[in-house]
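**Q** Here the structure of chain C is known, so what remains is to put chain P in place on it, guided by the hints.
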Amino acid sequence: MAPGERGPSQGQTAQLVSLGTMLFACVAVGLAGGYFADRWLGTGPWLLLIGLGFGIVAAAVNFYRTIKTLNEQDRDDR
Amino acid sequence: MIADLAARVTWTGGAIVAAMTVGAGWLYGSAAAAGVGGGGAIALLNFRWLARDVSRATALIAGGGSGVGRIGRIGLRQLVTFGALGLLIAQGWAHPVGVRVALVPTGSQNFMEMVLDQFVKELDETIGHEGRGYLPLIATLGLFILTSNLMGLIPGLVAPTANLNTTAACALIVFITYHVIGVRKQGFIAYMKHFAGPVPTVLKPLMFVIEIISHCARPLSLSLRLFGNMMAGHILLAIFFFMMGFDGMLGWALSGSLGGIVVGAPAAAIMVVFVVGFLLPLKILVAFIQTFIFCKLAMLYIAAAVEEAEHH
Chain C
0 MAPGERGPSQ GQTAQLVSLG TMLFACVAVG LAGGYFADRW LGTGPWLLLI GLGFGIVAAA
60 VNFYRTIKTL NEQDRDDR
Chain P
0 MIADLAARVT WTGGAIVAAM TVGAGWLYGS AAAAGVGGGG AIALLNFRWL ARDVSRATAL
60 IAGGGSGVGR IGRIGLRQLV TFGALGLLIA QGWAHPVGVR VALVPTGSQN FMEMVLDQFV
120 KELDETIGHE GRGYLPLIAT LGLFILTSNL MGLIPGLVAP TANLNTTAAC ALIVFITYHV
180 IGVRKQGFIA YMKHFAGPVP TVLKPLMFVI EIISHCARPL SLSLRLFGNM MAGHILLAIF
240 FFMMGFDGML GWALSGSLGG IVVGAPAAAI MVVFVVGFLL PLKILVAFIQ TFIFCKLAML
300 YIAAAVEEAE HH
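Read top to bottom, the protein sequences are chains C and P.
Using numbering that gives the first Met the number 0, the letters of the first sequence map in sequence onto residues 0 to 77.
Using numbering that gives the first Met the number 0, the letters of the second sequence map in sequence onto residues 0 to 311.
Hints were generated in silico from the structure; no laboratory data involved.
For clarity, every value in this text was computed on a predicted model and none was experimentally measured.
C-beta: ideal position from N, C-alpha, C; glycine also.
A few of these clues could be false.
[To be verified] Here are the simulated DSS-like cross-link-like pairs (lysine-lysine), alpha carbons at most 25 Å apart as the crow flies:
no. : chain 1 : residue 1 : chain 2 : residue 2
1   : C       : K67       : P       : K192
2   : P       : K120      : P       : K192
3   : P       : K203      : P       : K184
4   : C       : K67       : P       : K203
5   : P       : K192      : P       : K203
[Unchecked claim] Partial selection, computed: residues in chain P whose CB lies under 8 Å from chain C:
no. : residue
6   : K120
7   : E124
8   : R224
The shape of chain C in the complex, shown without the other chains (with noise of 0.2 Å):
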């Protein structure tokens, strides 16, 4: 790091760390809802399917939302 920089923050080091787990957390959450609700509604794999789906967009937007929320504060903070 070059002298005049600053790392990240506590807090925002807090929300770097928590990304990578929210992605698995957010897929998990996705198929368990799509596997139960397809076991529930003896739907085939379909559910569980659309539940995967689900699951990988919303791991896609947190990530993307976390990442954007850090840069704002990031350019504000400049």
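**A** Chain P in isolation, oriented as in the chain C frame:
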């Protein structure tokens, strides 16, 4: 046979607890007597529960069953006992009565005020001025988790946070609390509306589902992160000592053969130095960092639930 032993221990333990209660009451007054009596009763009940499960498990195994479920319950019992112990320790060094609060702070009170000041600073920074109202929740969670994490460093104690049940309980408390706070701040309908977010009307139902999924993922990721980090430390140490052959090297060195002295002793020494000099400091660091991350994320979630009221 176990039942006989358990009954004898219970009677003896009851007598000892009664004697200690009387002694504490005589020396320190009725409050101390109540504390000692209550603690002794809890310990005895725990012991009774444990003994019952052990005797049933042994009966099952003797009868040809597997008894795995019973042993799992014994593990749970142990977890609850150590969790309660963690709470007690946290109270001992953090509770106003335990610290003996005075106007002129001394010793541990100084330390506690420093710690709580840090919590207040973080809350002000994250939530804003009204964030101080959530200090009891966040500080209690933080101190409990920190004590539990550090308990894992003491041989013989079990870190309650190295079990998914404890971390899931903490994460669910955070989850329910921030939703309740959000609903109370802005009403149920407005809070639900916010889930749809600032997107075109066509995308709103889609966004709603995605938001629900990501909100449900929050307690999962909170609990998994804490549990995973704590468990990883234990597994790392276990692998180091049992799978990389520390005991074998030590045994080889102690056997007195030439190879043991030349190879085994230095290897065992290097392992001990590595564990004490690197792994244990790493575990302490992880214990603090994970506590901080848990608290900070809980604050951020509460902040998100509170802030939304001001924007709309």
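**Q** Take the hints in turn and mark each one as holding or not.
**A** These are the hints, each one checked on the structure:
{"no.": "1", "hint": "K67(C) / K192(P)", "in the structure": "22 Å, holds"}
{"no.": "2", "hint": "K120(P) / K192(P)", "in the structure": "32 Å, violated"}
{"no.": "3", "hint": "K203(P) / K184(P)", "in the structure": "23 Å, holds"}
{"no.": "4", "hint": "K67(C) / K203(P)", "in the structure": "20 Å, holds"}
{"no.": "5", "hint": "K192(P) / K203(P)", "in the structure": "10 Å, holds"}
{"no.": "6", "hint": "K120", "in the structure": "11 Å, violated"}
{"no.": "7", "hint": "E124", "in the structure": "7 Å, holds"}
{"no.": "8", "hint": "R224", "in the structure": "5 Å, holds"}
Checked against the numbered hints listed earlier, the structure breaks hints 2 and 6; every other hint is satisfied.
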